[in-house]
Structures are given as structure tokens and as C-alpha cells.
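Each protein sequence line maps, in turn, to chains H and G. Numbered by our numbering, the letters in the first sequence go through residues 1 to 652 in order. Numbered by our numbering, the letters in the second sequence go through residues 1 to 414 in order.
Calculated directly from the structure, the hints in this document are not laboratory data. Being a predicted model, the structure only gives us computed values, none of them experimental. Do not take every clue at face value.
Said to hold, decoys possible - The calculated SDA-like cross-link candidates involving lysine to any residue, where the alpha carbons are at most 20 angstroms apart (straight line), are:
hint, chain 1, residue 1, chain 2, residue 2
1, G, Lys198, H, Pro55
2, H, Lys524, G, Gly65
3, H, Lys297, G, Tyr377
4, H, Lys524, G, Asp378
5, H, Lys524, G, Tyr377
6, G, Lys50, G, Val411
7, H, Lys524, G, Lys60
8, G, Lys303, G, Tyr377
9, H, Lys324, G, Asp378
10, G, Lys198, H, Thr71
11, H, Lys372, G, Tyr377
12, G, Lys266, H, Asp393
13, H, Lys297, G, Pro63
14, G, Lys60, H, Asp521
15, H, Lys372, G, Glu379
16, H, Lys435, G, Asp141
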Amino acid sequence: MKTTKSILVALTFLMTMSLSAQEIVIKPEKPVMEVGEKLSIEAYVIKDGQKQDTPVRLFSRARRELFIDSTLTATAYKPGVFDVIALAQGAGRTNFQITVNYPPITEVNIQDVPEKIYSGTPVSLKYKVMDKAGLTRDDAAVTFSSSDESIAIINPFGVINSTGTGKITITAQAENISNTVNINVVKNPIKTIELSVDGDQGRTGDVFHFRAKALDAKGNEVADAPITYSFSGISSNSSQEASGLIRQDGNFVANQAGTYTITASAGVAAGLRSVTITERDVARKIEMVGQGSVNDKHTSDLWIWEGVDGRDYAVTGTWGADGKAYFWDVTDPASIVKIDSVQVDARTVNDVKISADGTICVISREGASNRKNGLVIIDVKDPSNAEIISRFDENMTGGVHNVFIYENHIYALSGGQKYYIINIDDPKNPKAVGKYELDTPGHAIHDVWVEDGIAYSSNWGDGIHMVDVGNGIAGGSPSNPVKISSYAYPNKANHASFPYKSKTGKFYVIGGDEIFPYGLDTGKGGVNMAGGYLHVIDFTDLDNPEEVARFEIPYAGSHNYWIEDDILYVAFYNAGVRVVDLSGELMGDLRAQGREIAWIIPNDANGYSPNAPFTWGAQLHKGHIFYSDWNSGLWSAKMEPVKPQETKIQSK
Amino acid sequence: MEIMKTITLKRSIWAYALGMALMLIAYSGQAQNYYVYVTAESEDEVSVIKFDGEKAENIKDIPVGVWPAEIEGPHGITVGPNGEYWYLSMAHGNPYGTLYKYKTGTDEVVGTVQLGLFPASMQISPVTGLLYCVNFNLHGDMVPSTVSVVDVESMTELEQITTGAMPHGSRLSADGMKHYSVAMMSGELFEIDAFNLKVARTLDLDEASKMLDMDHSKMDHSKMDHSKMDHSKMDHDADKKEMDHSKMNHSKMDHSKMGHDMGGMKHSAFKPTWVSPHPTKDVVYVAGNGQAEVLEIDTKTWKPTRKFKTDKGPYNIDLSPDGKYMVVSYKTAAKTGIWDLESGKELARLDNSQKVTHGVAISSDSKYAFVTVEGMYDESGKVDVIDLSTMKVVDTAELGKQAGGIAFWKVDEE
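Working from the sequences, and respecting the hints, build out all of it.
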């Protein structure tokens, strides 16, 4: 039997024994406050019934809502019940609670009240509840009532359904505060719905633009008619249901081949149009061409480029290993040859990038032995003799996770917090000239990509930020980066961003998640799965970016990607490389629409973890797809050419 | 008689042998196992190292962190005063680091709280029950950082106390009422009132180091321009013959007028990386990583009293609970120094098993020092176990990459 001998435990026990006779007293015992109030709390120690001079400290566990200063004065900022810790030397600790009352509700504000409702058309009431402290009270229970239910009723969710006509009063009440609005329910003038569309045949994934016009008996347009769009369909495949997405602006996309009927309605009036959808039929064969094996450590990112000698080269990083980056000759993608390597003080070389002229390589460093991480600039004019030019770690010692080179400047993340812009006109003497950092609480950054003078950074919960670093649209420059636009999506997992100018005139930025819902076994032999997907954001209107589509592979997760000629090449970790047709307008679930052209998974029985594909990034270069895999190194593949269409598809 | 003697002798031999055997049995029955928790900063693992007096072995690797594809960097580690929980600071976050609370033995996570940038070393006061963790913040510009104060029962950050640039080393006085840390870049020692959570005193360690080197008899004071110094904060008590630097407010001095332009934030040459209070005396020991020395600071007078010249890069310090030894990791030299605190002499300077010596933890019985050695590149992290009686490395255990933070957990008797 083991006996744990711990001096510390004994000391603690003795200490506890010696403290047992003392007690902290709080007065009032159960403090109650109002928002905005200050309250002096009495706290003291008693021993054997005698009040002691021992000082007591009080600490609120929610400082932003309830703050207690060193004079034991509590200030209430928000309502709720808050835990407070009382500490006194020799008397241990006591926990108690302070209640800050919810302020009384002062206003139920009904917003955007329609002047009139057309009988039979449902209308949702928008409202906001405010309290005395000026706080919005989403928690408040609100009840609704109609003054005449023979004309209209209102359900518990605030939706008005009218069946008659006449003037009614709608009342919304929270606590003892109510507000009423007068609504005139008028006879519905809408007799017909005229529905137009820009085509009646197409493929899955094609976006149709339905537009409805409500007309009265005389054929005049009822401009304020509330139109609702919906669809039904019959799939060409009896084992699959017709599915798609319709938005309330009338845009529709089908996922399955079949016939779809779109309905635009306003009350009992409705307009219908049907479209015929065929399979998108973009699938192409893909074949593995070559591999440059790395099976003694994990491989990270890659970059492929044409060298100054006209041959083609690749650089790959390594992860959780010995700080090496490898250089490859990939001129013959079927025969990938390792030609050189550099080793830096790091455990992870997460990112590798090459300048547009093919002469400079920059690699990131994490896990340095002296914790002074940063980046390393390498001369790759002769990639078989890659030479380190300089190291840069000023303001970078927290770790550089990703980098980019654009027009003689390196964009380098620092400590997951911001990115610095470093001039490398003289690569021996890199010099930071600017930085970009958000001002949101707890902000963080994961990646940055630069194209046409615009930096696209990926900022987890703060989403995608577009920053002018020389484009001119906002007067920015490398030394004066100026934000243009941003978009954040709810899952807060924005890890990569890539701009895509569609031939349709739309300007998209594709934001990728990085999520590991099943954890990650980083050891040799570990087999892993990832999560997360690609979000397609329409940035055509920079002031109002909108998420319009997604690409998702079940039980796998997105990582790094590349877009060229309307085709997306994306690494999906355990699902390998996926090749996706981005042509035309994008809306809805791209994979469900049959936009996936091809996929290839790099299985390697001799990998660092055998048969455990975990693809990191993909890049198209001179017709070949190159991709790096965490467990097996660098690969190349090639898709068969586009096959001629046997049947001409009628364009919209 | 001879026969009797022989029998007696034989009996004696047998008795001796029996006694020895019993002693051996008794000794083996009292064999002790020592356990330490160690972080592998570039592996995102914490390992449990067991040492039985002869052999050190890694008995458990505990994966830590939540961002699997990135190195989150488990850095600081400490075991709570009652031994029930251990606490781990994860250096990298988004961007703030996180403090994790684990149950000892089962090593399950029971609580987390977000702290500042690169939370590092920490300790819990047995008196206040609060955990004090420095936010090392080596990200970006060198600005003053903080010490986070955490209520570990509820895992709530109660306060962030601003100290200096790149604070490191976080240790409490024996009475648990004073917290000490150093600021590596600004070269300061901070004493925090652990109860009122306020900085009580600061000490310029570069100046403190120089003070011990000064031979005042050879100084030419005639070259000093006192008119450019701000003496207003000095205690000019005429009865005092000795200048009391502790009462000088260095922050109010205009260093630019003193002929040594600091060029913004001071970059300490002393580069303090650790501070350890003595278990019974009113002194603390500060590692001067940049100047290969350890300073002894008297916490009553707030003045340096002794200087220990070390090998290159003294980094972490631990003092034996019996107050006899100071064990210092020499990070740059890849060695460990063992000092006799009474005589001020270095008793041994031992080679570590590989490069980059990091942390030190001494067993509660003052018998063994456990020293982490990071290694470089993809080398495994290591823990060298030093017998403080023989002053030799007894054994080495391996763990994941970049072995760093170390905390003594317990000693078991079998």
C-alpha cells in the first residue's frame, strides 16, 4: 500500500486547522443592488466572537458586470447574480453573491410598422424591449394581442395573420409596459402575380433569377406587395429528392436534375414558373502523376514556381519536426526530385512562399529553441543551392504562422495577433514598414494573402478583412494599410481567404474554416479527421458583403486552396484534394449541385503515418495539380482534359 | 572454546547477514518514488516523470491544448499546495493564452481561464489560494506586461497587475504574502502584495548588479552633473550617510540628461529570467541571464547583497526546501550549477544531457534536483535527475520536444 507523503499536504492541513477558528463576516449578508448603484460592503474577520483588524479583500468573479474596489465598494454595471470571493489572511475564503436587480422595463419599441396590411398576407412584427438602464432585454417575455381577432390575429411569435379588413390595434406587452400600434388591414388588391425568369433550362448549380410583380384587377403593379418565394420539384432520379435553394429575392438554384416549379405568392394570389434542370456533368478523371516522399516527419505547406532557369521547382515546409524546408525539382511532375534543404532553429516551418520573380523564398519559424521565432529569407535563384540571406524576428518572436510575398514586401503574421509588412528591397536588411491589427477584444489572425494590392487576412471570429496595401481603392500602401471591407461568419473559424473574380462580374472571397472536432493525433501512426468547410462570400458590394454559398465534404475539413480559371483546388485534409467548378454565379451548396470535378486522396503505405492521408495544400502549376500531404510529402496529379459535351445545353 | 567461538562467530555472521538482509528489506520497503510534471512545449504534451532513486522514466504523456494543428506551447506548470490539482499555462492562443486546471493522477481537465499574452511561470499562494501567473508577452513591441491573478477554485481571472516588459519567473515568499517576478527586457524585480494585488516595490536589476561591482573609493564623483538629476524624490535626511536607492523614483529621472540616451524602452543587459525566494530567509535570488550571474537581494533593505558568477545563461532557479542549496540552470552553457547558499560557493557544475537547459524543480525532501533540457530541432526533451548528495546526474528521462516547465508533484513510499 502506498502512502503519499507530502509535506505540503501536512502544511495545508495544519494551516487549515489554525484557520478554523476564524471567519469572514459579510454585511449585508445578501447584498442587493440596482444597476448603476455603488454599495459599500462591510467585511471583517471574527475570532472567538471578537472582531479582528485583519483586512479582507473582495473580488468579483464578473468584473465587467460588478466591480469591487480595494475599499470594498461595489459598483453594479449590469443586472444578474454575481459570485464574490472574500479573502482574509488566516481566515481563508468565503464565497457570497450580490444580486443586481434587473431594471424595470421602460419601453417596448415596435419597429417598421407597416401603414397597411393587405388582408391575407402575413406580416412579422419587429420589436425591441428596453429597460431603465438603457439595455436591450432580449430575455424579456413579450405577449401580443389583437383588438379584433375577426380581422387579424397575432401569434406568440409576433406574426400577424389577417382574414378580414378594418382598423385594429396590436398590443405588445412586457412586464407592465405595453405599446400599441394601429394597423389598417385593407382589402387585398392583388389579383395576379406575374413571374419572370432569365431562362427555363439549366444545369444543377446554375442560378436562376425569378422576379415577381403583383398586379391588381386593372393590371397595375402593387409595389408594396409582400412576395414570398417557394419551390417544389420532381427529381429525375427516383431515389433522390428534388432539392435546391430559393432566396426571398427570387434567386433559385437546383441541386438535383429534374423539373422545378417556383411559386411567388402574396396571400392567395400566386405566380408559377417551371424550369428543367440537367446534371452539371463536370466530372473528370484525375490521376496521380508523381510523389516526392517525406516519411520521416510531417510536411506542411508548399509552393510551386518556375525558376529563373526555366525549370520548375517546389518548396515544402515541415511540421513539429527539425525546422527543415525542402526544395524539389518538379520539372517532370512524374519524377519529383529533392534537390536541397535548409534547416532553421524551429520545430515547425508552417508556411513557405516564393516571390513572383522566383528568386526569393520566405519561410516561417515556430518553436525556436530560444523562443525567438520569426521568418527566414532564402535566395532560391539556384534552388539546388538554396542559401539563407537573412533572418527577421523583430516583433515576430511570438511565432510566425503564415507569410506572403508581394511586390518586394513580406506580409508576416506575428504571434497570431497581427501582421507586419516588411520591405525586402534589400533582402539582407529586411525592414518593417507597416502593420495591420484589429481593435476588437481578443482579436486573432491566422493567415494573409495578397493580390492586386489588396491583403486578405483571415481572423477567426473577426472573419475576412480586405485591406488596401497598394491597390489604391482606399489610398492604402504597405506603410499605410487601409481597411476596405470585412465579413465575419458565425462559426468563428475563418482560417484562410482567397479572392476570386468571377467572369459573371461577381467578386467573391472564399473563406475557409479550420476545425478539428475529433482532435488531432500528431504522433507517428496517428490517423485523423478534420471538420469545417469553405464559405463563399459575395463582396461585389464592398459595403454589404454576403455569404452566398458553401463547399463542404462530410467528415473532412478544409485547409489551403488555390483558384485558377474558374476552378478551385482545395486540400480537405483526410479527404485529399477536391477540384471544384466555380463557373457562373455561386449560390447554395456547391457540392450538392454536382460542381465537384474530381478528387484524389494521397494514400501512402510508407507514409510517416501509413495510409493516413491528411492533405495540407494544393496548387495548380502548368496544368498539374501539386499538393502537400502531412504524412507523405509532395505529390502531383493531372486531370483529363474537358470532355466535349454530347448534348448541347441551352443557355439561359 | 574454538568451536564455541566459531559458532558464536557464525552466529554473529548470520546475525549480521540477517540484520543486513532485514535492513535491505526494510530499505527496499522504504524505497521512494518521486514524481514531477514536465511540459514539452513544442509537442503540446505534459509528461509525468517517475524517479525511484536510480531510474527516471516517463510514465505518462498527456496531450494538452485545443488547436491541434498549431503549437500552443505548454510553458508554465505548477502543482497546487494541497497536491490535488496541477495547473498549466498554454502560451499561445487566439492570441491570448490559457490557464488549465488538471486533477493530479487522473490528469483530466477540470477548468480553464483565458489569461494574457504568453502566460508563463506561475505559483499558488497557500495563504490567499490565488494563482499568480506572469504574462511573458514576447509578441511584438516591448511594452509592460502583466501578472494575472486567478482564483483557482472558480478559475476566474481576478486582476491583471501591470509590471515590466517580458515578465518571467513567478514565485511567492514563504509566507505566501509577497509575489516576486522579474521583467526580462526592462530588467526589473517586482514585489507584489499578494493580498492587495498591487506592486509594492521595484528594483532596477542592472543598477543592482552594478552596485555590487562598484568600488566607491575609486569613483570620481566630480564628473557627475547633479544639476541634471531629479533629486526631489530622494530621502535627504542629513543623518543618513548612505544613499537609500530604494526611495529613489527612477521613473522620474531624466536619463537623457545623464549622458546615456536609452532610446525608448530600456533593454536590460542583465536580462533577469527568474526569481526564487529563500524558504526561510528574507532574500530572493535573481538569475541574470544576460550577465551570467545570480543576484541575492535582501527583501528587507531591498538591496543586492551577494553576486554569484555563473556559467553562460543562468535561466531558472530552485532552492532546496531545507534552504541549503541553490540549483541554477545554465541555459546557454547546457549545464546546471549547484550552489551552497551558506558559503556562496558553487559545489558542482554539471553537464546536461543535451543543449538548452531550462527548468529546475527540487524534491520536497531536498534530495534530488530535476532539470529539464529542451534540446534543439526534433530532439526529444529530457529531464536530468541530479542527486544533491553526490552532486551527480543519476539518470535521464525522455519526453516530447522542448522540455521546459517542471513542477515537483509528490514523493511516494513503497
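Each hint, compared with the structure:
1. Lys198/G <-> Pro55/H: 15 angstroms, holds
2. Lys524/H <-> Gly65/G: 18 angstroms, holds
3. Lys297/H <-> Tyr377/G: Holds - the C-alpha atoms of Tyr377/G and Lys297/H are around 12 angstroms apart, at most 20 angstroms.
4. Lys524/H <-> Asp378/G: Holds, at roughly 13 angstroms.
5. Lys524/H <-> Tyr377/G: 17 angstroms, holds
6. Lys50/G <-> Val411/G: Holds: Lys50/G and Val411/G sit about 9 angstroms apart, inside 20 angstroms.
7. Lys524/H <-> Lys60/G: Holds - the C-alpha atoms of Lys60/G and Lys524/H are around 17 angstroms apart, at most 20 angstroms.
8. Lys303/G <-> Tyr377/G: Distance of about 41 angstroms is beyond 20 angstroms: violated.
9. Lys324/H <-> Asp378/G: Given pair Lys324/H, Asp378/G holds - Cα atoms ~10 angstroms apart, limit 20 angstroms.
10. Lys198/G <-> Thr71/H: Holds, at roughly 13 angstroms.
11. Lys372/H <-> Tyr377/G: Given that 20 angstroms is the threshold and the Cα spacing comes to 14 angstroms, the pair holds.
12. Lys266/G <-> Asp393/H: 19 angstroms, holds
13. Lys297/H <-> Pro63/G: 19 angstroms, holds
14. Lys60/G <-> Asp521/H: 16 angstroms, holds
15. Lys372/H <-> Glu379/G: Holds: Lys372/H and Glu379/G sit about 18 angstroms apart, inside 20 angstroms.
16. Lys435/H <-> Asp141/G: Status holds; Cα separation ~12 angstroms.
Of the numbered hints listed earlier, the single one contradicted by the structure is hint 8.
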